[in-house]
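**Student:** Sequence:
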Amino acid sequence: MDENCSGVLIFCLFVQKAEAKLDSITDIFRTMHVTAFGLHRLEATAPWGIKQENQTEERVTPSDKKMLPTDLAHFAMLSRGNCWLSVEGIAEPIPLTGGDCFLLAKGTSIVLRDSPRARPRWSFREIGAKANGNVALCGGGGAPTTIVCGSLSFDRASLRPITRLLPNFILMKADQARTLALHTTVQALASEMEEQAPGSEVVASRLAEVLFIQVLRAHIASGPERNKGWLRAIFDPQIGAALSAIHDRVNTPWTVESLAEAAGMSRSAFAARFKELLGQTPLEYVTEWRMQKAIQLLERRDKKLPEVARLVGYESDAAFSKAFKRVVRANPGEYLRHGLKDPKSTEADRFRN
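So for the sequence shown, my numbering puts the first residue at 220; every next one is plus one.
Wrong hints could be hidden among the right ones.
What the hints assert, rightly or not - Cross-link-like lysine-lysine pairs, in silico, DSBU-like; alpha carbons within 30 Å at most:
(1) K544 with K522
(2) K522 with K512
(3) K270 with K349
(4) K541 with K512
(5) K523 with K494
(6) K494 with K544
(7) K544 with K512
(8) K522 with K541
(9) K523 with K544
(10) K541 with K494
Claimed, not checked - If you anchor each label on the Cβ, the simulated ranges turn out as follows:
(11) T264 with R520: 48 to 54 Å
(12) A491 with K349: 36 to 42 Å
(13) G361 with R520: 35 to 41 Å
(14) T500 with A393: 29 to 35 Å
(15) A362 with G308: 27 to 33 Å
(16) P456 with Q395: 21 to 27 Å
(17) L502 with I432: 28 to 34 Å
(18) S334 with R520: 51 to 57 Å
Simulated from the structure, these hints should not be mistaken for laboratory data.
All figures in this text were calculated on a predicted structure; none of them were measured in a lab.
Think of the CB as a built atom: it goes at the ideal place given N, C-alpha and C, for glycine as much as any other residue.
The whole structure should be built from the sequences, with the hints applied where relevant.
**Tutor:** And the structure:
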């Protein structure tokens, strides 16, 4: 290759030698797949009010797959009009306008209405039961408001369900600084839900999944949740560096000393800071994430046990199987036959934030 081709190294992915570094957030969401379902377009006319009460029972998705409550979240996007949102734990109602969207953890109660004084006469479940196709109607015939809403499920193979890593409520206002990609996704989802062209259901579901990641990314960039839990750890300059190293090279034989070196801290200071932010020791985190990656590899069923063990950092399948059983409460063969037990019964639950 001569100097005339030097630009190829910059622009052509196929000839680049250096691999992109895998960041923690990308690794989390690549491993724990997100699936949108139950999308509806709510057409409400004033006066109106709808409540979403705390629900803890199992849900069955359109694919008849039972989901534990921790596997679910909800989202809504205001595509036309204005309304007010009241959220459990937040004193004052929040005004919403076109383009605003929010994510809601399972079990968080909310009320949507056309004015702060409107009484919530219906539940989302009642409105959904009366829906015609994907369109639900309610209200008294006054000023119109359109809301696109649905649910999100996360891969059942999750030792630490993703909803435990996130705040109960995330709001992204249309007038907040945001990327063109997020704006484009909001507009495209609203259009798909409005037009109902052939294939719209599939396209809308995929757009909702993309919207979830983009809202979370915008929320992280805005900074309000950087002072707590997992998000705080990700953005801590030193602990974040260690987390990035773990997720980028999960098969490295990590020790507390080597992780402290990656963080640029002393061993004792690093161990204490890590436990403070994440509620578990560095090596507990490494083991738990290795098992999460192993679950993903096992479910593909295209690799034998020794290869899975090597890919997640174990020199022998015996050592891997022992660690897997300790964390998952089943050996790899039992897991493939019966799946992951209720996360509430696993040792991983001891490490919840």
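**Student:** Which numbered hints turn out to be false for this structure?
**Tutor:** 5, 12, 13, 14
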